[in-house]
Amino acid sequence: MKKELLLCLLAVVVSLSVKAQRVYSTKIAQVKFISSAPTEDFDATNNQAESKLSDKGQVMFGLLIKGFVFENDLMQKHFNGDEYMQSDKFPKAEFKGAITNIATVNFAKDGAYPVMVIGDLTIRGISKKQSAAGLIIIEKGKVNTKSTFKIKIKDYGLKGSEIGTAIAENIEINVTAKYE
Amino acid sequence: MKKKLIIGVLLVGLLSIAGVYYFIFYRPTHHVRDIANEQAIKVTAKDIVKEFQTNESLANAKYLNKVAEITGEVLEAKKDQTGKPTVSLKSDDSFSNVFITLRGTDQLEVKSGSSITVKGVVTGFLSDVVINDGIVTK
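The listed protein sequences correspond, in order, to chains A and B.
The opening position of the first sequence corresponds to residue 15 in my numbering, with each subsequent residue numbered one higher.
The opening position of the second sequence corresponds to residue 63 in my numbering, with each subsequent residue numbered one higher.
To be clear, the hints were calculated from the coordinates, so they are not data collected in a lab.
Errors might be hidden in some of the hints.
[Stated by the list, open to error] Here's a subset of chain A near chain B, in silico, CB distances under 7 Å, partners left out:
# : residue
1 : I42
2 : Q44
3 : Q62
4 : M74
5 : G81
6 : D87
7 : K103
8 : P105
9 : G178
Idealized CB from N, CA, C, for every residue including glycine.
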């Protein structure tokens with residue numbers, strides 16, 4: 015009788031630990047974008063992005079548009095203004111998605127694991143499907159991720175007159191997150 | 063007399079060229095906002111978090127891109143990926159605090175639990191109220 019009870023308890027514990035997912039998070043993910051256009055190159059970086067990643071493959075990034083810092087004020091003003099990001103009206107950008115090959119990542123073993131992520135990217139209130147290739151890097155138990163992908167900015171309703179000349183139509187996004 | 067006039071005209075001409083150069087070409091690309099002397103909205107960490115939780119769009123209208131001087135209890139002090147110091151100030155809700163990235167590279171010498179005041183630009187609300195370009199004033 016006692017043995018059965020113990021077995022029962024063991025089964026409950028095992029099923030709980032199988033279900034439990036580990037969630038890694040950070041508030042200092044870095045998101046940088048790079049615009050290479052015919053007449054001008056520029057970039058801006060946000061070092062205050064939030065991100066969560068679970069070992070079951072769920073991934074989320076959130077950031078504030080006003081957190082992008084430019085080399086000069088005028089560019090930053092244009093970027094936040096009516097022709098471009100309208101950050102008073104749309105203060106946030108967000109990505110929610112899933113890693114499609116999370117089974118290939120061994121969170122217990124050091125290494126750089128190539129992954130694919132697919133999800134919804136929301137900028138200026140417009141959501142689009144976005145996929146990206148990236149790396150999950152496990153180093154001494156710490157989990158880091160890196161990804162580079164391109165977005166077509168007209169997809170997100172940006173209609174500034176300088177798109178195509180001083181601003182690239184396709185902007186490169188670099189993401190680096192060091193989780194805790 | 064004529065000489066003076068010519069010199070005067072030349073001087074005015076030079077000054078306006080310098081002015082045009084400074085305001086049209088130099089300043090827009092070199093000027094960086096300095097919040098040290100800007101008027102700040104004084105608020106506690108607890109209150110600003112409550113305002114964003116209660117009505118985010120109202121709080122956005124009040125604070126976004128404005129300078130706030132926020133007083134609160136230090137939860138933790140760390141560094142971001144570029145080595146800039148960050149500090150979290152406590153609110154009444156442990157899920158949402160005030161997250162501040164400080165200007166400069168000086169390591170913040172504060173103990174968690176001590177009270178500090180930081181002036182910075184409010185960039186918005188994620189799970190925390192986020193502040194950039196912070197300066198510790200007290």
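A quick look at each hint next to the structure:
1. I42: 4 Å, holds
2. Q44: Holds, because the Cβ-Cβ distance from Q44(A) to chain B comes to roughly 5 Å (cut-off 7 Å).
3. Q62: Status holds, d = 5 Å.
4. M74: 11 Å, violated
5. G81: 4 Å, holds
6. D87: 5 Å, holds
7. K103: It is violated, given that the least Cβ distance between K103(A) and chain B is near 9 Å, above 7 Å.
8. P105: 4 Å, holds
9. G178: 22 Å, violated
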